[in-house]
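Novice: In case you want the letters, here they are:
Number of protein chains: 4
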Amino acid sequence: MKIRIYYEDTDAAGIVYHANFIKYCERARMEIFFRNGFNFHEEDSNEHFVVRHIVSDFVAVAYLGDLLDVTTKVIERKNSSVVLKQNILRGEKLICSFDIVMVYVKNLKAIKIPDKVFEIMQNQD
Amino acid sequence: MKIRIYYEDTDAAGIVYHANFIKYCERARMEIFFRNGFNFHEEDSNEHFVVRHIVSDFVAVAYLGDLLDVTTKVIERKNSSVVLKQNILRGEKLICSFDIVMVYVKNLKAIKIPDKVFEIMQNQD
Amino acid sequence: MKIRIYYEDTDAAGIVYHANFIKYCERARMEIFFRNGFNFHEEDSNEHFVVRHIVSDFVAVAYLGDLLDVTTKVIERKNSSVVLKQNILRGEKLICSFDIVMVYVKNLKAIKIPDKVFEIMQNQD
Amino acid sequence: MKIRIYYEDTDAAGIVYHANFIKYCERARMEIFFRNGFNFHEEDSNEHFVVRHIVSDFVAVAYLGDLLDVTTKVIERKNSSVVLKQNILRGEKLICSFDIVMVYVKNLKAIKIPDKVFEIMQNQD
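Chains as they are written, first to last, in the numbering used here: chain U, 2 to 126; chain Y, 2 to 126; chain L, 2 to 126; chain D, 2 to 126.
Among the hints, a few may not be true.
Note that identical chains are pooled: a pair holds if it fits in a single copy or bridges any two copies.
[Claimed, not checked] Below, a list of computed lysine-lysine pairs in the DSBU-like style, where the Cα atoms sit at most 30 angstroms apart: (1) Lys117 / Lys86; (2) Lys107 / Lys24; (3) Lys74 / Lys94; (4) Lys107 / Lys117; (5) Lys3 / Lys110; (6) Lys79 / Lys3; (7) Lys74 / Lys117; (8) Lys94 / Lys113; (9) Lys24 / Lys117; (10) Lys94 / Lys110; (11) Lys94 / Lys107; (12) Lys74 / Lys113; (13) Lys24 / Lys94; (14) Lys74 / Lys24.
FYI, nobody ran anything at the bench for these hints, they're computed from the structure.
Work the whole structure out from these sequences, hints included.
Specialist: Structure follows, in structure tokens:
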């Protein structure tokens, strides 16, 4: 998953605004599903992941025009939640790193992650 | 309606990112309803305004820390749509100006603007 | 230029937030330069385009997961400004359309558009 | 520090997009400085805080129209960094909670936090 940095991503300090990196992580997570033919608009929109916990390390800055990579790795799977490690890099250089716990919900209540959703994440692994 | 400019609002050119001004216009439109006790979350969420047309003039730039004013004036009312003039200023200085046509929809189909919604906009006038 | 719609792009009405389409137009304009090896970070960051005027028509809505196209066409060239037509489509369906006037500035003062910048836009034409 | 939730803050799941809460934390941090007459635009723009580390807990969801509170508490002060606890609440209800490490930089290199900056944060305490 490649992320290009546009003006909208940067701030007056001349660097990528820190909260935006967390958006890029979600883009990468969603692309895993898009690449597997998952159609969020046709699916039951009451069911989806919500982010419960994120540990974020911002180790270097990124700039306008950068082309960043986002990597996603499933660390642990539970009944209704999943633990991911996501890194954002520019070439070999680590920009920031995230440990993320996501919970699968229906109408905002935790439910077992459906097999179809599980398999897509496993294929990515 | 006062809008403070934070890092998130600016870009690497050191100024407010142009598309953000259009967000501030919507904040000001929504505050008219909030000030009148309108609860968007309790209301039928299938009914709301959508923006159909905007003419935007960006005449000056705004900076980190600026405290801007947004003015909203109803120019014309039709059955299912309304024409607004919104200006964004820093003190007396005009930063940008917008002519906006909004259509009231239910499930994304145009319907007559409800009287309750009309009255709130009239009070603002 | 393809734009994928993620959660960050949508709002509680279940559709793409209108001001975001204006960001996608800028992404498409910047990609023209990126594809031509233009490095915004290395270039004199005091020189760039600013958006002066936009006429926006929002004719249809877009949804989570959509893959949109942005087209960019130079309509008119002047000394320090350029008029563009940008359309956003889902397949053949027009979602929104923009007439955009951009001014080339150095330290936020209008200057003649440099030949190198002009040529990149011409190649795109 | 009050944060109103507008359409721009929500996503197609009908709730506030998680990364946006991290923006509200920064708004609250900046308001501490604005309330103390600090002018970011006039100050040396090469000097500012950057976010190094965030532990985020998202414990409840927020909705369109909500009026949230952001609290900020200095937990620990070091030479060039500071540890903050920020909570976002709707009334008494905790929505999310953040442990944040920020580093003071000049031209993106860590330097001692200036006394003037320290004092403003102390007054807030």
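Novice: Now, for every hint given, state plainly whether the structure supports it.
Specialist: Evaluated hints:
1. Within a single copy, Lys117 and Lys86 get their C-alpha atoms as close as 21 angstroms, which meets the 30 angstroms cut-off; across copies the closest is 39 angstroms, which misses it.
2. Taking identical chains as interchangeable, the C-alpha atoms of Lys107 and Lys24 lie at most 30 angstroms apart whether they share a chain (22 angstroms) or sit on different chains (27 angstroms).
3. Taking the shortest alpha-carbon separations for Lys74 and Lys94, only the intra-copy value of 18 angstroms comes in at or below 30 angstroms, while the best inter-copy value is 33 angstroms.
4. Only within a single protomer do Lys107 and Lys117 lie at most 30 angstroms apart by alpha-carbon distance; the minimum there is 15 angstroms, versus 33 angstroms between protomers.
5. Taking CA atoms no more than 30 angstroms apart as the test, Lys3 paired with Lys110 passes between copies only; the shortest distance there is 28 angstroms, against 32 angstroms inside one copy.
6. Within a single copy, Lys79 and Lys3 get their C-alpha atoms as close as 29 angstroms, which meets the 30 angstroms cut-off; across copies the closest is 35 angstroms, which misses it.
7. Taking the shortest alpha-carbon separations for Lys74 and Lys117, only the intra-copy value of 18 angstroms comes in at or below 30 angstroms, while the best inter-copy value is 42 angstroms.
8. In this assembly of identical chains, the alpha carbons of Lys94 and Lys113 lie at most 30 angstroms apart only when taken from different copies (26 angstroms versus 37 angstroms within one copy).
9. In this homomeric assembly, Lys24 and Lys117 come within 30 angstroms of each other (Cα to Cα) only inside a single copy, at 24 angstroms, whereas the closest approach across copies is 34 angstroms.
10. Only between protomers do Lys94 and Lys110 lie at most 30 angstroms apart by alpha-carbon distance; the minimum there is 18 angstroms, versus 38 angstroms within a single protomer.
11. When the C-alpha separation of Lys94 and Lys107 is checked against a cutoff of 30 angstroms, the pair qualifies only between copies, where the shortest distance is 22 angstroms, while the shortest distance within a copy is 38 angstroms.
12. In this homomeric assembly, Lys74 and Lys113 come within 30 angstroms of each other (Cα to Cα) only inside a single copy, at 20 angstroms, whereas the closest approach across copies is 37 angstroms.
13. In this homomeric assembly, Lys24 and Lys94 come within 30 angstroms of each other (Cα to Cα) both inside a single copy, at 19 angstroms, and across copies, at 25 angstroms.
14. Taking the closest pair of Cα atoms, Lys74 and Lys24 come within 30 angstroms of each other both inside a single copy (17 angstroms) and across two copies (26 angstroms).
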